[in-house]
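Novice: Knowing the structure of chain P, use the given hints to seat chain C on it.
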Amino acid sequence: MSEDRSRILNMLAEGKITAEEAERLLDALDSRASATPAGPAIKGDPGPLIEALPKYLYVKVEAANGDNVDVKIPIALVRSGLKLTSLIPPQAMDQINDSMSEHGMSIDFSNLKPEDIDELVEALREMEINVDSTDGDKVRVYCA
Amino acid sequence: MSVIPPAVLDLRIAPPDRRPIHLWLPLFLLWPLALALGILALVLTILVDAVLLVAGQRYHHYTVLLVRSFGALCQTRGMVLRFNDDKTTVDMTVQ
Chain P
108 MSEDRSRILN
118 MLAEGKITAE
128 EAERLLDALD
138 SRASATPAGP
148 AIKGDPGPLI
158 EALPKYLYVK
168 VEAANGDNVD
178 VKIPIALVRS
188 GLKLTSLIPP
198 QAMDQINDSM
208 SEHGMSIDFS
218 NLKPEDIDEL
228 VEALREMEIN
238 VDSTDGDKVR
248 VYCA
Chain C
31 MSVIPPAVLD
41 LRIAPPDRRP
51 IHLWLPLFLL
61 WPLALALGIL
71 ALVLTILVDA
81 VLLVAGQRYH
91 HYTVLLVRSF
101 GALCQTRGMV
111 LRFNDDKTTV
121 DMTVQ
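Going down the list, the protein sequences come from chains P and C.
So in my numbering the end of the first sequence lands on 251, straight run, no missing numbers.
So in my numbering the end of the second sequence lands on 125, straight run, no missing numbers.
These aren't lab readings, by the way, just hints derived from the structure by calculation.
Careful, some of the hints might be misleading.
As the list claims (entries may be wrong) - Listed below are the simulated BS3-like cross-link pairs for lysine-lysine, each with C-alpha atoms no more than 25 Å apart in a straight line:
hint	chain 1	residue 1	chain 2	residue 2
1	P	Lys190	P	Lys162
2	C	Lys117	P	Lys245
3	P	Lys167	C	Lys117
4	P	Lys162	P	Lys123
5	P	Lys179	C	Lys117
Unchecked claim - Residues from chain C that keep clear of chain P, each with C-beta distances beyond 12 Å, as calculated:
hint	residue
6	Pro45
7	Ile51
8	Leu53
9	Leu59
10	Trp61
11	Leu63
12	Leu74
13	Ala80
14	Ala85
Quick caveat, the model's predicted, so the values are computed rather than measured.
Even for Gly, the Cβ is constructed at its ideal location relative to N, Cα and C.
Here chain P stands alone, though its shape is the one from the complex (with noise of 0.2 Å):
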């Protein structure tokens, strides 16, 4: 099975597409593998598949003191939020950068390239964090 069509049916098991969208996505697929057997530009009308990607990075705590909060942002916004990392000042870069290790997060942003972003951003439509504490404390971190 390959991973486009194993990625597919793991979207319908988790319910984040019908199985009508399943089925067409899965057409779509069949509809490319044999138009271009080789190549990886996708023939036929790209919609479907499209539509059926994630949108939006959801971000949910649940504190055992009741106190929730939920964050619904489109991915579309991570992604020109990360591409305008490598349009910041240096000086203002190296500020970020040591600010950041200081709070224990050694990312060098300027080291990001565009195609490094897309990538990232594509890996961060099937991530999924599930966090549970001992003390009750919930987060949940996913794309749909």
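Specialist: Showing chain C alone in chain P's frame:
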């Protein structure tokens, strides 16, 4: 990619023992002002970038930074923030 900035901010606050507050903030009324300021900023950044380029500075991307920042602002449409404790609920939607 949408190039329409946020038009409405929908804010709901439900404090304890009081009637919920529902604010519908028409951000689109600020668009003309934002457009005027944006054009001014664009002219300024183009001038700054030209000066930096002539001066041989490596970084001269303030215009692109401004345009991309506007793009990021446009992508905030659809963002939802919801906070609640056992007393108060705050719900903010950018449309």
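Novice: Run every hint past the structure and note whether it holds.
Specialist: How the hints compare with the structure:
no. : hint                : verdict
1   : P/Lys190 / P/Lys162 : holds (17 Å)
2   : C/Lys117 / P/Lys245 : holds (20 Å)
3   : P/Lys167 / C/Lys117 : holds (18 Å)
4   : P/Lys162 / P/Lys123 : holds (11 Å)
5   : P/Lys179 / C/Lys117 : holds (22 Å)
6   : Pro45               : holds (15 Å)
7   : Ile51               : holds (19 Å)
8   : Leu53               : holds (19 Å)
9   : Leu59               : holds (23 Å)
10  : Trp61               : holds (19 Å)
11  : Leu63               : holds (23 Å)
12  : Leu74               : holds (15 Å)
13  : Ala80               : holds (16 Å)
14  : Ala85               : holds (15 Å)
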